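Undergrad: Build out the structure end to end from the sequences listed, making use of the hints.
Residue numbers for the sequence shown follow my numbering, so the first one is 183 and each next one is one higher.
The hints are simulated quantities; they were obtained by calculation from the structure and are not laboratory data.
Source: prediction; values computed, not measured.
Honestly, I wouldn't trust all of these hints.
[Said to hold, decoys possible] DEER-style ranges, computed between Cβ atoms:
{"#": "1", "residue 1": "R296", "residue 2": "P326", "range": "32 to 40 Å"}
{"#": "2", "residue 1": "G216", "residue 2": "S300", "range": "32 to 40 Å"}
{"#": "3", "residue 1": "G262", "residue 2": "S300", "range": "38 to 46 Å"}
{"#": "4", "residue 1": "D188", "residue 2": "E302", "range": "27 to 35 Å"}
{"#": "5", "residue 1": "E298", "residue 2": "P326", "range": "20 to 28 Å"}
{"#": "6", "residue 1": "D283", "residue 2": "Q231", "range": "30 to 38 Å"}
{"#": "7", "residue 1": "D313", "residue 2": "D188", "range": "31 to 39 Å"}
{"#": "8", "residue 1": "D188", "residue 2": "R310", "range": "34 to 42 Å"}
{"#": "9", "residue 1": "G299", "residue 2": "P190", "range": "34 to 42 Å"}
{"#": "10", "residue 1": "N244", "residue 2": "G290", "range": "22 to 30 Å"}
{"#": "11", "residue 1": "E292", "residue 2": "D188", "range": "24 to 32 Å"}
{"#": "12", "residue 1": "A242", "residue 2": "P326", "range": "28 to 36 Å"}
{"#": "13", "residue 1": "A260", "residue 2": "D188", "range": "15 to 23 Å"}
We treat Cβ as the ideally placed atom computed from N, Cα and C, and that holds for glycine.
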Amino acid sequence: MADLADRPIRVLFLCTSNSARSQMAEALLRHYGGDRFEVHSAGTHPREQIHPLTEVVMRAINISLVGQYPKGLDEVGAAGWDYIITTCDQAKEACPVFPEDPEHIHWGFEDPARVEGSEEAQLRAFRRVRDEIKRRAMLFIELPVHRARIRVSVR
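TA: Structure follows, in structure tokens:
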């Protein structure tokens, strides 16, 4: 494996359906982390499409999901990841063994797609989860090991 300073940090967000939480996490880390990170997401049982409210709440903060779609682990591959971040408890429990022993991190978030009620109540849930994921992503970017990567990359 190449030295971390020579390549982007590879992060895979893993969820069950890959239609909401992991899609938001992928877009947020890609947007705020820039080229320091290579970010993908996948699902253990991916849906046919991204949840429409995921797109609505991301568009509201001017972050695009263009090019993103639900996919399984077979499509993103099991090798070469530095971090595997699960975004739901089911994915944490079903997380397969990855070669090269990447760092496993669990960010458990409520599933906004399961919230019942009015459209406004559902939107509030999607916004709340989006904002929680954004906070975690920003903390992840600021970890000392990643900040050291920033200093190395600008030399």
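Undergrad: Now, for every hint given, state plainly whether the structure supports it.
TA: Quick rundown of the hints versus the structure:
no.: 1; hint: R296 / P326: 32 to 40 Å; in the structure: holds, 36 Å
no.: 2; hint: G216 / S300: 32 to 40 Å; in the structure: holds, 37 Å
no.: 3; hint: G262 / S300: 38 to 46 Å; in the structure: holds, 43 Å
no.: 4; hint: D188 / E302: 27 to 35 Å; in the structure: violated, 48 Å
no.: 5; hint: E298 / P326: 20 to 28 Å; in the structure: violated, 42 Å
no.: 6; hint: D283 / Q231: 30 to 38 Å; in the structure: holds, 33 Å
no.: 7; hint: D313 / D188: 31 to 39 Å; in the structure: holds, 34 Å
no.: 8; hint: D188 / R310: 34 to 42 Å; in the structure: holds, 38 Å
no.: 9; hint: G299 / P190: 34 to 42 Å; in the structure: holds, 40 Å
no.: 10; hint: N244 / G290: 22 to 30 Å; in the structure: holds, 27 Å
no.: 11; hint: E292 / D188: 24 to 32 Å; in the structure: violated, 38 Å
no.: 12; hint: A242 / P326: 28 to 36 Å; in the structure: holds, 32 Å
no.: 13; hint: A260 / D188: 15 to 23 Å; in the structure: holds, 22 Å
The earlier numbered hints that this structure contradicts are 4, 5 and 11.
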